[in-house]
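Numbering (the working numbering), first residue to last: 171 to 473.
FYI, nobody ran anything at the bench for these hints, they're computed from the structure. Accuracy of the hints is not assured; some may be wrong.
[Stated by the list, open to error] Here are the simulated lysine to any residue pairs, SDA-like style, with alpha carbons at most 25 Å apart:
#, residue 1, residue 2
1, Lys-247, Arg-406
2, Lys-440, Arg-415
3, Lys-247, Arg-411
4, Lys-440, Leu-248
5, Lys-440, Ile-429
6, Lys-247, His-290
7, Lys-440, Gly-357
8, Lys-440, Ala-296
9, Lys-440, Arg-230
10, Lys-247, Arg-233
11, Lys-440, Ala-462
The structure displayed is predicted, hence computed values, not measured ones.
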Amino acid sequence: MAIFRKPGRSGQPKPTPEPTPGQVAEELAELVEELEEPTAGGPADGGPSRQVVEYEAEYRAERGRRRGATLVASIAKLIGAGSRSAAKGAAYGGRAMADQLMQAAPRIPVRNLATLRAQHPTAADADRLAALLITGASRASAALGAGVGAAAMLPVPPAMAVEIAAETLAVAAVEIKLIAELHEVYGVRAQGNVTQRASAYVAAWANRRGIDPTLLVKPAGLAAMALGAEVRQQVRKRLTRSTLRRLPSLIPLMVGAGIGATVNRRDTRKVGRQVRDDLRSRRPAAAAYWSAAAPALPGETAP
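Go ahead and model the full structure; you've got the sequences and the hints to work with.
Here you go:
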């Protein structure tokens, strides 16, 4: 979002257009993918000096925090930030957040294995690629937590309840994207249309494990699950629990920023590893899925 806005005829700044759910989802995906990139090696690896490496890491972290704060603010607008929601912010509970998440899930961009391998050509196997994805998602979640913590300059201002709800939804979206792409990495992609697959990945996020194997080849089962009260209840409980864990990030004077970043990074890394370990033990849908998604060499066409 621009800090300086062009004034209108009255001399007042023109209002910033409200973000759409699709735009917010795309920006979240960009944040994750930007933070996936490994930091350059040091002099021992033939890379730049230690000072340059440290500066690059700090620059990327600060850029991530700024983008995280902007994204949380955008999501807060979408769920009704401002004077009206400030009064009801404390009552913005798990049911409303679950509805928001289920509606937003199909918009979360998910890369297929061919795209992931092309973006990370040094990842020689599924485990190395999964490690990069988990790292990127963890950094993005940390940036979102730090952004909210930095904004908490007063002890629990009313609007911060909405900010926490927005952060919870943003981190959930990051983790759902991670889970969906881990299924791609290990060759157990869900079937069905976009909505059916998104619902399956939301349920996997709520349960902290891979999709039920019996549903991977049954789109009808995924469609039924998307409407199931049990799934929505699981999602609601997970979101409520996540919201409570993020309350310490409201501590003012930047202390909350550090707490929020640490909690988010740890939680996202944990869920990523839990799902990865579950998927590791499964048989891929196709034995040659990894080689079939190999990036094309110069002069060749993709398989």
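Now for the hints, and whether the structure bears them out:
| no. | hint | result |
| --- | --- | --- |
| 1 | Lys-247 with Arg-406 | holds, 21 Å |
| 2 | Lys-440 with Arg-415 | holds, 14 Å |
| 3 | Lys-247 with Arg-411 | holds, 22 Å |
| 4 | Lys-440 with Leu-248 | violated, 28 Å |
| 5 | Lys-440 with Ile-429 | holds, 16 Å |
| 6 | Lys-247 with His-290 | violated, 34 Å |
| 7 | Lys-440 with Gly-357 | holds, 21 Å |
| 8 | Lys-440 with Ala-296 | holds, 18 Å |
| 9 | Lys-440 with Arg-230 | holds, 23 Å |
| 10 | Lys-247 with Arg-233 | holds, 21 Å |
| 11 | Lys-440 with Ala-462 | violated, 30 Å |
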